[in-house]
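Could you put the whole structure together from the sequences, leaning on the hints where they help?
Listed below are the residues making up each chain.
Protein chains: 4
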Amino acid sequence: MKDGVISERVFESPKAKEPVLVCGLPGSGYVGKLAADHLVSSFKLRKVAEYTSSSFPPQVSVKEDGTVDPPKGEMYFAQTKGGRSIFVFTADAQPTTSEGEYELSDAVVKFAKKCGVRKVYTLAAYITGSFSNSPKVYGAATSKELAESLSEKGVTMMKDGGISGMNGLLIGVAALRGLEGACLLGETSGYVVDAGASKAVLELLSSVVGVPIDTSKLKEKAEETQKVISQLQAMADQSRETAPQPGREQRPGYIG
Amino acid sequence: MKDGVISERVFESPKAKEPVLVCGLPGSGYVGKLAADHLVSSFKLRKVAEYTSSSFPPQVSVKEDGTVDPPKGEMYFAQTKGGRSIFVFTADAQPTTSEGEYELSDAVVKFAKKCGVRKVYTLAAYITGSFSNSPKVYGAATSKELAESLSEKGVTMMKDGGISGMNGLLIGVAALRGLEGACLLGETSGYVVDAGASKAVLELLSSVVGVPIDTSKLKEKAEETQKVISQLQAMADQSRETAPQPGREQRPGYIG
Amino acid sequence: MKDGVISERVFESPKAKEPVLVCGLPGSGYVGKLAADHLVSSFKLRKVAEYTSSSFPPQVSVKEDGTVDPPKGEMYFAQTKGGRSIFVFTADAQPTTSEGEYELSDAVVKFAKKCGVRKVYTLAAYITGSFSNSPKVYGAATSKELAESLSEKGVTMMKDGGISGMNGLLIGVAALRGLEGACLLGETSGYVVDAGASKAVLELLSSVVGVPIDTSKLKEKAEETQKVISQLQAMADQSRETAPQPGREQRPGYIG
Amino acid sequence: MKDGVISERVFESPKAKEPVLVCGLPGSGYVGKLAADHLVSSFKLRKVAEYTSSSFPPQVSVKEDGTVDPPKGEMYFAQTKGGRSIFVFTADAQPTTSEGEYELSDAVVKFAKKCGVRKVYTLAAYITGSFSNSPKVYGAATSKELAESLSEKGVTMMKDGGISGMNGLLIGVAALRGLEGACLLGETSGYVVDAGASKAVLELLSSVVGVPIDTSKLKEKAEETQKVISQLQAMADQSRETAPQPGREQRPGYIG
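In order, the protein sequence lines correspond to chains A, B, C and D.
Following numbering that gives the first Met the number 0, the numbering of the first sequence begins with 0 at its first residue and continues without gaps.
Following numbering that gives the first Met the number 0, the numbering of the second sequence begins with 0 at its first residue and continues without gaps.
Following numbering that gives the first Met the number 0, the numbering of the third sequence begins with 0 at its first residue and continues without gaps.
Following numbering that gives the first Met the number 0, the numbering of the fourth sequence begins with 0 at its first residue and continues without gaps.
If you're looking for bench data, these hints aren't it; they were derived computationally from the structure.
There may be inaccurate statements among the hints.
As the list makes no split between identical chains, a pair holds if one copy fits it or if it spans any two.
[What the hints assert, rightly or not] Mimicking SDA-like on lysine to any residue, the simulated pairs with C-alpha atoms at most 25 Å apart in a straight line are:
| hint | residue 1 | residue 2 |
| --- | --- | --- |
| 1 | K143 | D64 |
| 2 | K113 | E7 |
| 3 | K112 | E7 |
| 4 | K62 | T155 |
| 5 | K135 | Y190 |
| 6 | K112 | D68 |
| 7 | K46 | R83 |
| 8 | K109 | E73 |
Here the structure is a predicted model, which means the values were calculated and not measured.
Written as structure tokens, this is what we have:
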């Protein structure tokens, strides 16, 4: 870690023809994070840069083997079999301040631009509060042309509202730096880590960027999630019978 | 976007004789923002500078055509038909920190001063919590002389209290930089986007700066608002009859 | 206002023999602020420096004549009739962040040190929650010697707890910069602007620094306050009779 | 205090063979702070560096003799009788912002690294919400090897969750700077200042770093705490009999 608010360690600056950057950060339902992690493992991407920031939450997370990790952002890269080059950016957490989110977004976009990236896709969650068996994918883009091409691929374009946090800001900053960007948002209840929404988002991404993505592992996870949802619903039905609690809050469990 | 907390892109630095700067930012009832947007569209102002800041909310907003915009501040300019030059500053959001509000205010005032501006007017809302058919316009100014001249034009001068956020700070910073400033606040309930208050504020501004302003479009919007208010009042009356809820909070709806 | 977080405008850097710095900022009961304002007006002090800071609340306050002021800090100076030189620092508000409080404290202490000040006194409130006719004065100091000399003058030295905000921090920073400092805290209910507590604090300050201070105007204010307190108590008694509300919160009214 | 956010005053930069750094900062149950203070007094460590930061809480604390101290961090050093060199870092408070925690952690780790430290241990609390007579010690480490060696010494390695604040961040930053680190967390209810948990943590630390630590004074404190716990439990039993309050919050009392 260098002195200063944000620090970037670059291991490699891959130059490739028409690479895309795909970003997925932790958020509601872990939709974007799960999807990004899936891309990293299924394409066997290699880490090319790492980011630490003093605006990440001041904590370490503990892994199963008792080891700890400070929050960091990671940029991965690989050429896919089809010849298309892909960068993936993900992080353990989102920065805790506006300033931190802008700085990290800017560092990521600048690195990508230097490597020839012209289009930035972010993957996020579209919270509905209810469960869906066939989650829709919503979208928004930095240009009318990109919005129309997404719409043709089956993305339901948003018409108002906003996209908060890094998953929205990254495409906003991309536009400010002269790149194009789009956000794909998987419909999700917001109550559980939703691999089904991640799968839906990746399938559309695959069609949009022209890279085949194997989502079978996410399908397995989604089926596990589905079981938990069924149990939650059964419990909810039961509790509704015995004691109605209209205003009750349900804390999402992490079952990814 | 340059590196750093705030970034200013200047497209043009118009030099004009005795120009005024009018500012309206989002706030309660959207009174100032609506008024500023109305000036921009009715005078066909051209954008002369743009501001991004890492203290704006970290998000993008989605427009009707599915495209997104990161929050930014915009400075517009035109010579009116009467010969008077007018700058208008508006923004998609207010900065999220004290430091961000001071920095943006200072950047705006410095730009205006460089272009010859000597007087800064901000347009804001004066929240009363109840609906009014003929909203008053309240005011405060950086000098006694300006306060008196506003009073002669029919502005009800405030006698205590404070003006929070950019709409207040901009005239405070104007004074620190040697300019004069005044804030015109349109009486509003705070429950709805209030085009009627915006109209009242612009009519007084027109008289104060000696520039005719056509407010017919705001009148239409105000009439729509009036309908919604009537409905809200009818609903409130009804709910009061069926079930009195003294502490109930009413979330303002955006009906602009 | 210069660019940057804090800005200092120095009109004059008076050099004097053994001057003291007395600071009083807004806080509970306005005890310190009232006392500082009283010193400024009764000694006819002249302003020698002014501070603006982007960590002050982003707002302007409106005065009786409809004019506005952005929050600022002010340093005053005069030689008293007895020959002792006195600096007084006060501000319209306290900064809104830790960083802002440290920066302003540091700027004030550095200026004072440059002018020869060796001792810094801050005036504050000691909240008890109940009304007292003869408020005590509590104290704390940066050295054991100063603590003992205050104790001899009738100050009740604190034995634990803490002093939050600028009134505490200023003497902490004074110590870090090699000066001595003490805080005098007037006993107050915390419910009203308490001129009686301000008067008590100034009388002890007068004895400690060897400067006669005329507190007759504060006495008048204190008597007005006393009337309001009697009314509040009467109302409280009455409401207690009709409907006991043990957890009821009483918002302090500004009656200064 | 120098200008700037953080300031480091170094009195001495001891060079020693294989020194370790032990850190304990205020947190739940004061477990780490008590343990660090115990090391400072029982090993008669000397202060070698001092840190002030504008992200510490803006306040001074008052001691028994009426003197005040601004919050600061302190680095101590000594060679133990067994020949092992030990640094101890502690502070009066934790910084109030993410940025402040990162900066202070980084300053501490950089100083330690310069003095030859390769391993950083932090002492913290593991909150369970219930009282235990023989508190366990939990742990997490920056490498698998260190995690395994702690496990062999009797530390129960954490398998998930996170460690918030300086006690977690310090080992995260240590890892980023190429050092090893581990956090030892004493099981505690979180309701009282828990010298028993501090004692348990120090006994394990003693075994891990191979330095004998006399914990008899902590044992006395722990016994006092035990008495208070018994009283609390008796009171809790009684109140449970008279009026069950399942959701009741118990504010921890400081009985250290």
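Verification of the supplied hints:
1. K143 with D64: between (48 Å within a copy, 7 Å between copies)
2. K113 with E7: both (14 Å within a copy, 23 Å between copies)
3. K112 with E7: both (15 Å within a copy, 21 Å between copies)
4. K62 with T155: between (38 Å within a copy, 14 Å between copies)
5. K135 with Y190: within (17 Å within a copy, 34 Å between copies)
6. K112 with D68: between (28 Å within a copy, 19 Å between copies)
7. K46 with R83: For K46 and R83, only the intra-copy Cα distance (17 Å) is at most 25 Å; the inter-copy one is 39 Å.
8. K109 with E73: both (14 Å within a copy, 24 Å between copies)
Going through the hint list in order, the structure satisfies each hint without exception.
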